[in-house]
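Residue numbers (numbering that gives the first Met the number 0), protein chains in the order written: chain U, 0 to 241; chain F, 0 to 243.
Worth flagging that the hints you see were computed from the coordinates, not collected in a lab. Take the hints with a grain of salt, since some may be wrong.
For each label pair, taking beta carbons as the anchor points, the in silico distance ranges come out as [to be verified]:
id, chain 1, residue 1, chain 2, residue 2, range
1, U, Ser207, F, Arg67, 55 to 63 Å
2, U, Arg18, F, Gly114, 52 to 60 Å
3, U, Asp176, F, Gly101, 47 to 55 Å
4, F, Asp230, U, Ala101, 44 to 52 Å
5, U, Arg165, F, Asp21, 15 to 23 Å
A quick note: this is a predicted structure, and the numbers were derived from the prediction, not measured. For each residue, glycine too, the CB sits at the ideal point set by N, CA and C.
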Amino acid sequence: MPIIRARDRIADMPGDRLRRVLAELSDGDGPWPAERLCAVFPRIAGVEGAGVMLMSGDIPSGSLCTSDDVSHLIEELQYTLGEGPCVDAYQQNRVVTEPDLAHPWITRWLAFTPPALQAGVRAVFGFPLRVGTVRLGALNLYRDRPGPLGADQHADALVLADVTARWVLEAQARAPDGAVPEELETGADFHFSVHNAAGIVSVQENISITEALIRLRAFAYGHDRLLAEVAQDVIAHRLRLG
Amino acid sequence: MGMTREADVVRSLVEMADTLVDDYDVVDLLTGLTDRCVSLLDVSAAGVMLASPGGGLGLVASSSEAMRLLELFELQAEEGPCLDAFHSGEPVEQENLQAGSGRWPLFSAAAVKAGFQSAFALPLRLREVTLGALNLLSVTRTPIRQADLIVARAFADLATLSILQHRASTEAQRLNEQLSGALTSRIVIEQAKGVISERAGISLAEAFGGMRDYARHHNRRLTEVAQAAVDGTLDPSAWTAPRP
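Bound conformation, chain F alone (with noise of 0.2 Å):
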């Protein structure tokens, strides 16, 4: 590798890795890969899908609007190296479009007509979870040189660990807040508990029993009965004991 070469691979990865510490757009991150691999690699176009929650594929990112147009037809042709490395999650070897082995024939006629002689992909896949593909088109047929595979496979890895860690922490806040909301409801049923057993001058327990009665017979969420009761727009009547 030439030194500039090096510094700008290093450089690139660093600028990667940032995205492991702080929050992130995962589009932002892909686009800039696909970006990275065109300026970096000997290659042409670069793009990359990702599975949805749902199972099916993606595009998310594109080095060109040829690329782009080339990845949709990929996908509703449902035949090509992004699919195949996605589905199988080991790297696709680099395919000569229009003399190969004719695994791809929709694809490979579309890929020619744009331009491109020559094609190979890289799962996004850490262990056993394959999260998508990076596809990476050439218009010459030169061999793919070692050192740019492993370049690729290195911002592919990256890439991965990024989207994994990123999914977790949306998650694990989702979670967060998800507990920080119940917590909250269930602090003003207590909060309810107190103001209705000192008004009606009764236990806390029967406050208890009362506003649930309450929100049966009135239809309405003990939630929401008990905020009212919060706020002080609880009618009077409901805090009367339970009838037995």
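Just chain U, same shape as in the assembly (with noise of 0.2 Å):
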């Protein structure tokens, strides 16, 4: 894994610190693991934290990698709660930004703001995923103290989430047919415990799988839960949603 060096310097020529990075991206043998992917971005952006959330129709799928907690809950709730950036982003097919959560220039996200905020996050930015015209999901970039993203940070956050699409798309390309992608099985997280809770959910209450899917997250959201959670319990049997 690349350790996190000092700040890069002030005085890069725009592209260069991408192409170091990209180069950096490339070290080693064979392709690159997911986790790599959000390792790095951070640093090309210059912001706290980077997250990859794929989307499987309309709604979110998974997400392919997190940099740290803080990404990982912003992945979380917006799986949980079907909103934020990354869904605005995916869905809108445009960059969406918000340079500060305390005081949004447009009222959106009314579930997922409070936590986020909570947790430490004052701005984000959304980079939806796509080759062509495919959507594959978006890129959510998070900072600590409000602000935008300067222009050379948001042409190379493009240019990321341009490596991403294509990343996961090569990836696809390599697995065996039928099969989720290695990289992806092992890297990603699609969720399986929201579903294996689903599946004992609708045993016990004896309703389709998708109306037990429905139950669980009215459930995480009625009790401001991380879906996640909520199906760890059930899986556990410290809960049963009666």
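Both chains are sitting in their own frames, so use the hints and assemble them into the complex.
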């Protein structure tokens, strides 16, 4: 894993920083593991953390990687609530910026914002992941202080999103027919525990899986908890949705 | 270039560039290309060949029936300007078909019989990738004007870009669908683990082991067994703890 180095020189020419980091990503044999992507992104974009959300149809399916606990929380909140910078960036197919969550210029993400602020997130940015017209998800960057991304950082983030999207499709191209790519199976989080829990709840309540998923989500939302955590409680039989 | 011709060329380029951002049909694009060449350049007929994944060339578009037959003949005879342009990746200079270098004896004879006097061809190429070639024939021997050559190359380049873009997009779409499908199957397995573990009172890991054993024993696919568990159609005797 690359170690976090001292802050990059401010005098870098545009693209130099990106070129160096892409060279870093390519260090070693074979394709980069998912975690390496998120580990280097914050350094490039000058932010505290990064996370990549993958979407299936119109809903989040999971996260490819996150660089720290706060990024992990941002992804989990979006997965649970179905709203947030990644969700918007993907659904609207454009870059989404909120330079100050504490004083947002648009009223949105009413459920996402308070827990995010509490965790120390102050600015968030979402960049759609796409290859041509094909949309895969979104890259999320966050800061612990307010302020927009600089022009360089914004440009570099666009390239990062592009690199990530291609990484996902290339991983898929290498995967044996019908299988989830190895890199995603081991590195990404598709919230399998939520699906385990849905199976359990469907038997407990004698309902369909789809209905079980809805009830799990409703419970999480109504009790201000993350869906993944509720799922863990159901699996451990600490919780039964009546 | 006269004012109207310039305006027409620009409009054509803009229309073709639209295909870079929107979904479109490659055959439509190339048929349009041959029509544009005939109406805007000093040529009588145009044809486009593209290489198939196997490597062989196929005729994709032609501006007239006579041209279509001639291009098919070119492929059959395995000689002609289009083939040369494709294989070399370089423009094939205008050739006088009756008294030229004689490098395409069969093609030239057929072309002259069809009324054509000269031919030249451009590769559809972007850097190291050559996708096919554009054939331009004329009923006169008039040397091609430099201005026409420039426009023909611009059309060919734009068509090449569009096709490459389209192919990348199609491939990306295919991979994305594959990923979606693979994830869906995977998720059903996880849901089935939950269903079986709750019904049989066993752990998720044991449930997975049981599913796998059942699938192997009954010669069914794991994803199929998982779907049956989720649908509630799985044989209840399957939900016992796996044999040690």
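Structure-based check of all given hints:
1. U:Ser207 - F:Arg67: 55 to 63 Å: holds (57 Å)
2. U:Arg18 - F:Gly114: 52 to 60 Å: holds (57 Å)
3. U:Asp176 - F:Gly101: 47 to 55 Å: holds (51 Å)
4. F:Asp230 - U:Ala101: 44 to 52 Å: holds (48 Å)
5. U:Arg165 - F:Asp21: 15 to 23 Å: For Asp21 (chain F) against Arg165 (chain U), whose Cβ atoms are near 22 Å apart, the range 15 to 23 Å holds.
In terms of the numbered hints stated before, the structure departs from none.
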